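*Asks:* In case you want the letters, here they are:
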Amino acid sequence: MRSQLLKSNTKTLPRPKRRRQRLKSWPIAFSPFARSLARMTSLSTPKRHPQNPNPTLPPRKPQSSQSSHHHFDGVVQEDSSKREQSETSDEDFDGVIQADFSFFDPKPDDFHGVKTLLQTYLDNEEWDLSAFVDLILGQTTVGTVVKIEDDEDEGIFAIVTALNLYRYREHRCIVTLMNFLLHKVRQGRDVADKLRLLLGEQARDVALLLSQRMVNLPPQLLPPLYEALFDEVLWATEDEPTEELRNSFKFKHYIILSKIYMLKNAEQKTKRNNDSDEGIIYLKLEDEIFHKLSSWSFCFPLQTQQLAPHELKNYRSTGLIMAVGADKIPKFRQELASLINET
Amino acid sequence: MKLDDTKLVIWVKSAFYKESGLQFENNCEVGVFSKLTNAYCLVAIGGSENFYSAFESELADVIPVVKTSIGGTRIVGRLCVGNKNGLLLPHTTTDQELQHLRNSLPDQVVVQRIEERLSALGNCIACNDHVALTHTDLDKETEEMIADVLGVEVFRQTIAGNILVGSFCAFSNRGGLVHPHTSIEDLDELSTLLQVPLVAGTVNRGSEVIAAGMTVNDWTAFCGSDTTATELSVIESVFKLREAQPSAIVDEMRKSLVDTYV
Chain A
1 MRSQLLKSNT
11 KTLPRPKRRR
21 QRLKSWPIAF
31 SPFARSLARM
41 TSLSTPKRHP
51 QNPNPTLPPR
61 KPQSSQSSHH
71 HFDGVVQEDS
81 SKREQSETSD
91 EDFDGVIQAD
101 FSFFDPKPDD
111 FHGVKTLLQT
121 YLDNEEWDLS
131 AFVDLILGQT
141 TVGTVVKIED
151 DEDEGIFAIV
161 TALNLYRYRE
171 HRCIVTLMNF
181 LLHKVRQGRD
191 VADKLRLLLG
201 EQARDVALLL
211 SQRMVNLPPQ
221 LLPPLYEALF
231 DEVLWATEDE
241 PTEELRNSFK
251 FKHYIILSKI
261 YMLKNAEQKT
271 KRNNDSDEGI
281 IYLKLEDEIF
291 HKLSSWSFCF
301 PLQTQQLAPH
311 ELKNYRSTGL
321 IMAVGADKIP
331 KFRQELASLI
341 NET
Chain B
1 MKLDDTKLVI
11 WVKSAFYKES
21 GLQFENNCEV
31 GVFSKLTNAY
41 CLVAIGGSEN
51 FYSAFESELA
61 DVIPVVKTSI
71 GGTRIVGRLC
81 VGNKNGLLLP
91 HTTTDQELQH
101 LRNSLPDQVV
111 VQRIEERLSA
121 LGNCIACNDH
131 VALTHTDLDK
141 ETEEMIADVL
151 GVEVFRQTIA
161 GNILVGSFCA
171 FSNRGGLVHP
181 HTSIEDLDEL
191 STLLQVPLVA
201 GTVNRGSEVI
211 AAGMTVNDWT
221 AFCGSDTTAT
231 ELSVIESVFK
241 LREAQPSAIV
251 DEMRKSLVDT
261 YV
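As given, the protein sequences belong to chains A and B, one line each in that order.
Take 1 as the starting number for the first sequence in the UniProt record's numbering and just add one per residue.
Take 1 as the starting number for the second sequence in the UniProt record's numbering and just add one per residue.
Hints were generated in silico from the structure; no laboratory data involved.
Since we're looking at a predicted model, the values are computed, not measured.
Glycine included, each C-beta is placed from N, C-alpha and C at the ideal position.
Treat the hints with caution; some may be incorrect.
[To be verified] Each pair of labels, with its calculated beta carbon distance range: (1) A/GLN303 / B/ARG102: 32 to 40 angstroms; (2) B/GLY161 / A/GLU154: 14 to 22 angstroms; (3) A/LYS264 / B/SER233: 46 to 54 angstroms; (4) B/GLN195 / A/ARG186: 54 to 62 angstroms; (5) B/GLU185 / A/GLU154: 22 to 30 angstroms; (6) B/ASP148 / A/ALA308: 40 to 48 angstroms.
[Unchecked claim] Here are a few chain A residues that face chain B, going by a calculated C-beta distance under 8 angstroms: (7) PHE111; (8) LEU129; (9) GLN139.
[Unchecked claim] Computed list of chain B residues with no C-beta within reach of chain A, every gap over 12 angstroms: (10) GLU56; (11) LEU118; (12) VAL149; (13) ARG174; (14) SER233.
The following block holds chain B by itself, in its conformation from the complex (with noise of 0.2 angstroms):
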């Protein structure tokens, strides 16, 4: 069922199994084999076509939708963090492969690979276009290619006591995601941090793992087929994502983007 007024996509379990229900291979965990960005997406390649059509039909009016392999892995959403500003790749990730994702991407999105012991970036670090939140043992190396590449502010964080802050949130410019187990005070002290709202809920049917289970940027989410509706109206509500359009934000960004997407 797709909300024509809104940029949620919804997918959920329906009559017609092969035309909804976001899955790769049957796995709901939609932000493992993607990730999504304000200027770009990523998708694994390997995975059947509805999956990257799906990320197709609703972004390529407006970004690109990249398929790539990372370090000849599908999991491209753990593996790699990213922003509008940037792109940061773990040390796995082949020369081919960055050459592709350079290639690939808006000039403007400075792609990195970067020498750190904590290879899966994505469940290392989380970030949105202006605030990072990061892994405690991260290098500081890695800590300040963040902030240039990314063009963020970091903050070394724990959420709900779990280090892979990567993992356990999904946030964007207008809202974010956390485990479920996050207390009141830390949910206070991180939007003071992100300076966005953010709110504890589960995806996938009660999956703790918010960033496997969904992807985000500021106009569209995509969630797994295992998503119940209490959880998607608690992401669309925490997301913004009912009076969300894409072309104001698009355009704000047009502004300093070069004009083709090759």
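Chain A with its partners taken away, still in its complex shape (with noise of 0.2 angstroms):
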């Protein structure tokens, strides 16, 4: 979906100084759902947020001694020179609000930012999430949480990890997601006989690709967190202690887990007027290119089913899953940037 976020108004003049904006507590999303993640993580009282023309790199706990360079510190600085709203009063809401976001290791405190981010992962299957977060914190040489910088909330606006199917295999957290993920797809009879495979035999090779995060999060965030991901996979692979571990970071192939809306009634794009009513409409952008890319894909429906804006009336929530070479991975960074630059 289309960020609001960033428009511009072309209209200012451009200014020499970055304003101090008081991050509101008004959610920068536009669906329940997202607005009562966003409000989880602020607080009532107002926040200022100081505009840090230059970034810094916030504190790290040290993994390696390349520590360094794998942590991207991406800050996304909105050009002040779109900047035109009013600063004093509270209720000039306009939907623009200015943030510098930075990328963090996993760590044990994001517990309750990345399970939100994840309570639908599984549609509305009770499993043990908690334990699933664990997991997903406790490894840190590959992902990547993103956050506001200075934010003393330490809310997490998005998640994206990639976790080894066979490293995990024991845990009961996995063993859950893989059965779900088996029984959504079992009626498609070839994508069910890959999907065993690779969450039998080539496990080794597999990763579970999450990238879960709020839904207007900016998107010239996307290359960078994509390419951080995938760099920390290619560090990961030299850089870990043992040779089981490195080789575990080896992926051959991807799985993806995601949500799309998919129109209600298939024959109703024919008989419309309005062309731009697409087939598929993919929540996040680079599912699309994934999608284009996968080796195989499935679509299931989902049960919980969230009230849609009037413009997606005509559609369903459906889940999608696919499967994505690594070979592919260079093609889609390459897209993803160039689909970015576009927008």
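Dock chain to chain to rebuild the complex, using the hints, since each chain is given by itself in its own frame.
*Replies:* Set out below in structure tokens:
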């Protein structure tokens, strides 16, 4: 979904100095779910967010001798020339907020934020989500958490990681997850066999690529975020202390579980005059690229249907499982970069 | 792991996940979807049977466990407030829900729907069978209603600077748990008002919203599955759950109760 966050008013004069903007408790999101997520990350008291033109390295846990260049510190700053909002009034909120995002290694304190982001990962299945979150946060070499710089709340805006399914195959939550995926694809014969293979014999080379974020996170963050992920995977194959661990990051396949919106009634598309109605709407824009590059994919109905905004009334929330070969990743990075640069 | 001798239900992550871990649809906020008192227990409809049966298996012999919604929502724990004497419901409660509750709860529990602007009564008011703490901006009429229906003494208070007293503390007739940032002076003051020992702590792995993460009466507590062992031991000790025997407490109440819960 397109984020409205960075719409600019081109009539404004460029400003020489960045203004201090109070990050209001008003959430920068347009769906009830995203609003509640955003509210959880900001207390009712407004905070001041200093605008740094110079990104600073946030404190890190040292991982290995090459830890410094593992940590991509991407700071996305809105162009100050696009600012036009009055800074004094609380109510004059027209959808533009200034925020500096930073990337961090996952750490145990991020538990609640990450858990919130993953609440509906397996639809409405009851499973040990807490254990899954602990697993993600335990893997500090590969995985990135996006937070706002200097935010006392430490609200989590995005989590991205790749988990080797063989390495964690004994964990109950992973078993539940794998069974969930197998159950959902059971009707697609071919796909079911391929998935079974990936989760079984080939599990050593397979990663679950997990990427969950707040709906309106600025898309400019995506190329550096995925860059960070795939670079970390590469570095892990060289830097991990044991050979077994090093090999565990030599992924050949990535499995992705995501959500999309599909047209409720496929025939409606032909009757429709309004040809801006696509068959599929991707909630995360990189899913479209992944889908295109995938070896196979499968859609399944989701049981939790969220209240859809008016524009989406003809669509239903659908789950999407796909497998992407590791060899397609360079192409993915390229296409993602060009997609973001266009918009 | 259930401790047989106590009535504290400890739901922790175990190898058999489905049978333990108190969650309402993957949500550990037990106190949001339930309301537990010494005379009855309300549980939200729409959750899995595991959630309901956790309460039922523990309480059904002793007090009625009633499935309900309030105002069509499942956040029953946060919208209503009650004790063994009564139950107060917000104005958003529908007539059917009101009737259902009146039918399902014991006769001596007065069920009353009140007109209060602050409709999340469970967030604004915390009470046991003798004392209630309320939001500072509550209507005077509501305060009187609380005193009347619930049979308690009412104090307007804040907890660690928060006005939502109903969210940031949970107390029974034997003890209470409050927001972790409550100062020692405030703790002493509240303890004097409530006449029970209080401790500042967290639930569900560091959550400060105590009343959302757990629900408690004089002999049992239900905590979300994220609650750590340390938090559980604090809860056990402050609410004096190890020595608690439901039969003694309920027998006393039973003397004034109607015999059959329908």
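*Asks:* Taking each numbered hint in turn, which are not upheld by the structure, reported in ascending numerical order?
*Replies:* Structure breaks hint 9 only.
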